[in-house]
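Produce the complete structure using the sequences and hints provided.
Respectively, the protein sequence lines represent chains A and B.
First residue of the first sequence: 1, per this note's numbering; consecutive thereafter.
First residue of the second sequence: 1, per this note's numbering; consecutive thereafter.
FYI, nobody ran anything at the bench for these hints, they're computed from the structure.
A portion of the hints provided could be inaccurate.
[Unchecked claim] Okay, the calculated bits of chain B under chain A, using three or more residues with CB under 8 angstroms as the criterion:
hint : stretch
1    : 133-141
2    : 168-182
3    : 191-203
4    : 239-250
[Stated by the list, open to error] Heads up, simulated DMTMM-like pairs for lysine to aspartate or glutamate below, C-alpha to C-alpha not over 20 angstroms straight-line:
hint : chain 1 : residue 1 : chain 2 : residue 2
5    : B       : K123      : B       : E198
6    : A       : K212      : B       : E368
7    : A       : K56       : B       : E263
8    : A       : K326      : A       : D264
9    : A       : K208      : B       : E198
10   : A       : K56       : B       : E368
11   : B       : K123      : B       : D95
12   : A       : K154      : B       : E333
Note that CB positions come from ideal geometry on N, CA and C, so glycine has one too.
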Amino acid sequence: MSGANSDLSKNLDSRENKMPLEGLRVIDFGWVWAGPITGQLLGDMGAEVVKVESRKRPDFLRLFPPFAEGKPDPDGALFFHSLNRNKLSVTLDLTQPKAAELVKRLVKISDVVIENFSPKALRNLGLDYPTLSQVKPDLIMASLSAGGQTGPLKDIMTYGPSLGALAGLDSLIGYPGERVLGWPMAYTDPASGTLAVFAILAALYYRKKTGKGQYIDLAQWEATTALLPEFILDYTLNGRVAGTQGNRHPHMAPHGCFRCKGQDAWVSIAIQTEEEWGDFCKALGNPPWSQGERFFSRKSRLQYREELNGKIEDWTIRRTPEEVVKLLQEAGIAAFPSYGIGDILKDPHFEARGVKVVVDHPKMEGEILYGLPWKFSRTPGGIRRRAPLLGEHNKYVFCELLGMGEDEVSRLVEEKVLY
Amino acid sequence: MKGDYMSKSALAGVQVLEFGQLISAPYCCKLMGDLGAEVIKVELPPSGDEARRYGPFPGDVPHPEKSGLFLYLNTNKRSVTLNPEHSAGAKIFLDLVRKADILVENWPVGFMAALKLDYQRLKEINPRLILTSITPFGHAGPYSKWKAYALNISHGAGVAKGIGSPGREPLAPPGQQAHFFGALNAAAATMVALWEREISGEGQYLDISEADCWAMLFNGVWYSKYLYAHEEVTRLGHRSNLPVYPWAVLRCKDGFISATAAEEAQWQRLIELMGNPEWAQDPRFEKGVKRSQHADEVDERLESWFASQTKAEIFQACREKNVPFSPVQDIGEVVECPHLQERDYFVKIQHPKAGEVTCPGPPYKLSETPWELRRRAPLLGEHNEEIYCGLLGYPPRDVVRWGKEGIL
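The following block contains the structure:
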């Protein structure tokens, strides 16, 4: 068992108020989103996460607006703050052989390595799994590349949306019968990062039973395509290629998003059972159109769904989303406004669920970040640290964790190894 | 344990009980089963998991053992039928809980409590149990008892507001994605609790809200943009509202290209690839921010260059030049894609009723404990005898009687 683990076992008695992953150490080479969210989730649950960057090539998000003080500043990049809390930051210029040696020393006292570079990057630096697992045989290393470590497209460079395009996701997004619009935000990153946390912990569990580490080749493309099974199977079973889906459901009608009174105000309504349909009509006061033959059965409602949507919108447009939702939820109908970020941030339910947490950062006092989505009854995670300044923890990591002298560290700073 | 642990499965020996339906609880438990956990799926008689009626069905002919969604989501599980509303059924359920490490359920808030199967009671009979509940809004908070399908969760958590065209209705992500994302989160959180239990010896209760997962892990990164840059998510059709461009889905000869370039160097390489056209010198196209302000003009120029080329040709040329553009692959192209085939991504499952079914296989490759298809999806109640007589040791005549009484 690893050093980190045996230390943890000694502390069995004092586990009150401990976070679930306390005692695990993670080296995070993550970059932009997929890698960093993996490290952050482990950190939120109590792992000690050391993020490795360099001034020569800081995490791209350190250069991405908005910035705390309005002007570009690697320590004030707010998007970066939201993916790198609960982490320590060290700066190492990995192109220098001495830096690579320091990484190996760090890996030796760690449990997990995370990276989301293209497959050749760490290999070229001499820091790939075969090398690192020689230093630390029971290491668990997860690589979250776009297309995986093998295959003809292994070296493709993508962003979240262009990866979603390869995975088949984008082809489904648009209004039914119209052009593909795609999903301009990156779903592949948080989906892959969350899946990586699952795989890493399964591998840790196996290590605890056997003492063996392993390598996880997680292709974000494959992780995403795995979330589209009903479309994939309609092709493999029936040869059908799904098109743009809109808000439609194959078996439910009504199932859509309807315009309401107000600026860009919308409400989503979905009905599955005949009982729900009856309750819905009743809530609307059983208008004559709702009693007609076309909407009498689910099958017929599906056939005439556009006409049905029009009738419903005639009703919603005279009401605010809140009025519609109140009336329909009281009748047991699934309805909810189409929220923006501002709506989430002022909603009492999301407030009660803890979507907002306040953190003091040297560049922004009282910065609002999102909370932890997983509610654990006995050992909740938490935010112990704001996002780190670039290289903020060089001294702690190299002097305290690796036991190097301050002189040696200063020399490495002068040589721009720690840079 | 170390010496005699012969298994090559990461989660060998972990006992998982699944009590739920459709997507979230089943996908969560599939992830565990595919890495070696023993998953017992409890289905309500007489018709079982709702996913059995979802499809797609071979030849579009509905059949409870041939639903594509069900066949995919329930690999590596055994199925028992059980009605815990009946007191004898509840007792059997508790016997299953005694043997379980993990129970995953996705029933509406209040359902488990009404059956007297809430965490407080289950904990008494099995303090090591990890109970993971997956619901739209969570078990606490003002909306916890509200009804929501995946559509409502995606709209409610701010995901749809950024998909679609200006002025038109926001679009939820396809295929009930809120449930899949909730399942990923539930699976990861459950593993965290399992790891912790290895150390503390105690189980716990996990309350996973699908709306929370979307609102925080997907949308949380945009909070700062709203709060500090005063920008709300907006729908710009085929474009994003990031201050970089191109970041859009554009037309080409035979379909669409996802044209994303966040770094200036990538834009420069694209311009070279296009043969250094004169217009590229125009100050309107100088930087990502400026290009995003003149997105129509950028689209026009890129699309006129794309118009004579296919997705494959553009992809090939861009790859050679290190420009991160991708083809928008339709579902058929994804299944036929040589890259995924070389990685053995799709797997063929032989099923006694549905025949051969091809579906996505491993979402990751683990070097030491590979993803493994040990069992096809079960028939409804296929393992009643194996579980009730074998695992729990009930006399076969009781099992037959419970079957007749509608308890199984």
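Going down the list of hints, with the structure as the test:
By the rule of at least three residues with a Cβ nearer than 8 angstroms to a Cβ of chain A, the coverage given for the stretch 133-141 of chain B holds, with 4 such residues. Counting residues of the stretch 168-182 of chain B whose beta carbon lies closer than 8 angstroms to any beta carbon of chain A gives 12, which meets the minimum of three for the stated coverage. Counting residues of the stretch 191-203 of chain B whose beta carbon lies closer than 8 angstroms to any beta carbon of chain A gives 10, which reaches the threshold of three, so the coverage claim holds. For the stretch 239-250 of chain B, the stated coverage by chain A is satisfied: 8 residues place a CB nearer than 8 angstroms to a CB of that chain, which reaches the threshold of 3.
At most 20 angstroms may separate the alpha-carbon atoms for a hinted pair to count; K123 (chain B) and E198 (chain B) meet this at roughly 17 angstroms. About 8 angstroms separates the Cα atoms of K212 (chain A) and E368 (chain B), which keeps this hinted pair within 20 angstroms; it holds. Of the supplied pair hints, the one linking K56 (chain A) and E263 (chain B) holds, its CA atoms being roughly 16 angstroms apart against a limit of 20 angstroms. As the CA atoms of K326 (chain A) and D264 (chain A) are separated by approximately 19 angstroms, the hinted pair is consistent with the 20 angstroms bound.
Between the alpha carbons of K208 (chain A) and E198 (chain B) the distance comes to roughly 9 angstroms, so the proposed pair stays at or under 20 angstroms and holds. Using a Cα cut-off of 20 angstroms, the hinted pair K56 (chain A) and E368 (chain B) is violated, with the two alpha carbons roughly 35 angstroms apart. Distance restraint check for K123 (chain B) and D95 (chain B): the Cα-Cα separation of roughly 13 angstroms lies within the 20 angstroms cut-off, and the hinted pair is therefore satisfied. Under the criterion of a C-alpha separation no larger than 20 angstroms, the hint pairing K154 (chain A) with E333 (chain B) is consistent with the structure, at around 17 angstroms.
Going through the hint list in order, the structure does not satisfy hint 10, though it satisfies all others.
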